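Listed below are the residues making up each chain.
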Amino acid sequence: MSAAAEATAQAGTGTAAQPQTGRGVAYYPGCSLHGTSPEFDLSLRAVVQALDIPVTEIDDWNCCGASSGHTTDHLLGVALPARNLALAEAQGFDRVLAPCAACYNRLSAAHLAVAHEDGLAERMPEILGRPFANSVEVFNAVQMLHEAAETIAEKAAAPSAIPNPLKGIKVAAYYGCLLVRPAEVCGGDDPEQPTSMDEVISACGADPVDWNMKVECCGGAFSVSRTASVVRLGRAIVDDARRCGAEAIVVACPLCHSNLDLRQKAMATRGEKPLPVLFITEVVGLALGLPAESLGLKRHFVATEPFLQDLAVRAAKREAAEKTARDEAAAKAAVRAAKRAAAEAEAAATAAAAPGAPEGGEAQ
Amino acid sequence: MTTSTARTLAAEILEATGINAATCYQCGKCSAGCPMASESDLRPHQVMRRVMYGPRERALQDESVWLCLTCETCSARCPNDCDPARVIDAVREIGFESGQAVIPRAISAFHKAFLAQIRSNGRLHEMGMVMEYKLRSRDLMKDVTNAPGMFARGKLNLRPDRIDGVAEVKRIFERCGVTP
Numbered sequence: 159m160s161a162a163a164e165a166t167a168q169a170g171t172g173t174a175a176q177p178q179t180g181r182g183v184a185y186y187p188g189c190s191l192h193g194t195s196p197e198f199d200l201s202l203r204a205v206v207q208a209l210d211i212p213v214t215e216i217d218d219w220n221c222c223g224a225s226s227g228h229t230t231d232h233l234l235g236v237a238l239p240a241r242n243l244a245l246a247e248a249q250g251f252d253r254v255l256a257p258c259a260a261c262y263n264r265l266s267a268a269h270l271a272v273a274h275e276d277g278l279a280e281r282m283p284e285i286l287g288r289p290f291a292n293s294v295e296v297f298n299a300v301q302m303l304h305e306a307a308e309t310i311a312e313k314a315a316a317p318s319a320i321p322n323p324l325k326g327i328k329v330a331a332y333y334g335c336l337l338v339r340p341a342e343v344c345g346g347d348d349p350e351q352p353t354s355m356d357e358v359i360s361a362c363g364a365d366p367v368d369w370n371m372k373v374e375c376c377g378g379a380f381s382v383s384r385t386a387s388v389v390r391l392g393r394a395i396v397d398d399a400r401r402c403g404a405e406a407i408v409v410a411c412p413l414c415h416s417n418l419d420l421r422q423k424a425m426a427t428r429g430e431k432p433l434p435v436l437f438i439t440e441v442v443g444l445a446l447g448l449p450a451e452s453l454g455l456k457r458h459f460v461a462t463e464p465f466l467q468d469l470a471v472r473a474a475k476r477e478a479a480e481k482t483a484r485d486e487a488a489a490k491a492a493v494r495a496a497k498r499a500a501a502e503a504e505a506a507a508t509a510a511a512a513p514g515a516p517e518g519g520e521a522q
Numbered sequence: 040m041t042t043s044t045a046r047t048l049a050a051e052i053l054e055a056t057g058i059n060a061a062t063c064y065q066c067g068k069c070s071a072g073c074p075m076a077s078e079s080d081l082r083p084h085q086v087m088r089r090v091m092y093g094p095r096e097r098a099l100q101d102e103s104v105w106l107c108l109t110c111e112t113c114s115a116r117c118p119n120d121c122d123p124a125r126v127i128d129a130v131r132e133i134g135f136e137s138g139q140a141v142i143p144r145a146i147s148a149f150h151k152a153f154l155a156q157i158r159s160n161g162r163l164h165e166m167g168m169v170m171e172y173k174l175r176s177r178d179l180m181k182d183v184t185n186a187p188g189m190f191a192r193g194k195l196n197l198r199p200d201r202i203d204g205v206a207e208v209k210r211i212f213e214r215c216g217v218t219p
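So the sequences go chain by chain: A and B. Heads up: take any position in the first sequence, counting from 1, add 158, and you land on this note's numbering. Heads up: take any position in the second sequence, counting from 1, add 39, and you land on this note's numbering.
A few of these clues could be false.
[Claimed, not checked] Just a few of them, taken from the derived set where beta-carbon distance is under 8 Å, the chain A residues facing chain B:
{"no.": "1", "residue": "369"}
{"no.": "2", "residue": "374"}
{"no.": "3", "residue": "375"}
{"no.": "4", "residue": "384"}
{"no.": "5", "residue": "389"}
{"no.": "6", "residue": "391"}
{"no.": "7", "residue": "447"}
I should point out that these hints are in silico values taken from the structure, not numbers from a laboratory. None of these values were measured; they are calculated from a predicted model. For glycine and all other residues, C-beta sits at the position ideal for the given N, C-alpha and C.
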């Protein structure tokens, strides 16, 4: 039996034997979340814990190769992510959470390619040197949070000691390329007018703005090799978000984050106020009342402190105004209740003062 | 000397990807949405044209395809499902493998440094990648001012994160015929 046939046979029995449910989802952090975007990893872990979604990091995962892999060789672009899908499968999972948009796109594209391209499913176990049944589903952080939107909305609206700092704050949901394109790789959202991240933002109590650059490209992997292009593309995105009234941009991709956050200094030409760039998991974390430090919010290049302080001040004012309104309403209700009580007492007194009450008359 | 009549690039791409470049009717919608159009000599619809009507060498040697970010806007908007992004990927792949590609030095240096990191560690080590990139691109001063800020924010690891399955990953590169 050839290695490939053997591997396929093993893979077949593997999936039949254990439809996994108990261990939650497999977590594929990818290189960025372990390297240049630790705040995405921190905030994601904090949020899944708060939402009670158990995640386990895939043991010995490798880089998905985005975007140099598929640019150089199609097969390599499929095989590198496929090894991670094979690992997740062998470790007993049926779903992989890949928060990084680039990793998500490559993992999902590999899953589709193996399912649909002639001969790939047969070749893959031999290329990987592992059994591979392609049985694992891939999803990203936005999809996970969208599934949990109701819970997030309940928790964000629940009364707590710290008022939700996001209520009524205007933010721009930036999807970029890899969360929405190609549509067949990226699940159900509309590739031109996606709404899933906007809905998560609404669940947090914030207001997503309507704007034009939701799905425009930030320059992705050219951050290092062609920085001028990235600055040109990023400037258009940041300017439009600001023009449309956003106070922050929300992203779900470490490349988008780095291109809009680290490179924003190079974009500012007219001394504009910098626009903070937050990960969607950081936004959800704030709505759930998690402390800013636990979400890694101090690790950004565009400082988030002034923004967070502003939010806290506005939340406190809003809270005070609401309290005043509540107190006034309570006072009015008290006055009304007192008046009603007085009227009732008066009526009772009048009734008592008149002997020969109607019922007495009737009895006679 | 030229063999372009024997097998056209379009035929080769059709075989490799199942995409028939001849179905492109040059409406230009792809190019209207392309974020790199203003920086490229050939815009997506022109790449589609050149793939169809060679000469093959000129299609493979044009550096515009290497400026493609694979943002997929062209393919998402194509009214006839021609998938220019996949065609551009195929042109790059064929050009790279045949040694005919003319890749801008910085971009080639980035891809090579990136893949070399994965091949030797299984994961990307940014610091190592950037060092190798600088040597390959000869752009030694690139982003040096950002390094302290990244380090202070815990965004740069000094040591690579090497996986146990590094030999497996090396074998994947071999079996795919890629040597960065």
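Hints, one by one, checked against the model:
Because the smallest distance between the Cβ of residue 369(A) and any Cβ of chain B comes to about 17 Å, over 8 Å, the interface hint for this residue is violated. Against a cut-off of 8 Å between C-beta atoms, the interface hint on residue 374(A) holds, since the closest Cβ of chain B lies about 7 Å away. Annotation: residue 375(A) was flagged as interfacial toward chain B, and the flag holds, the nearest CB pair being 4 Å apart, inside 8 Å. Because the beta carbon of residue 384(A) sits about 6 Å from the nearest beta carbon in chain B, less than 8 Å, this interface hint is met.
Given the 8 Å rule on beta carbons, the hint for residue 389(A) is violated: about 12 Å separates it from the nearest Cβ of chain B. Nearest Cβ of chain B to the Cβ of residue 391(A): about 6 Å, under the 8 Å cut. The hint holds. Interface hint at residue 447(A): violated, since its Cβ lies 24 Å from the closest Cβ of chain B, which is beyond the 8 Å cut-off.
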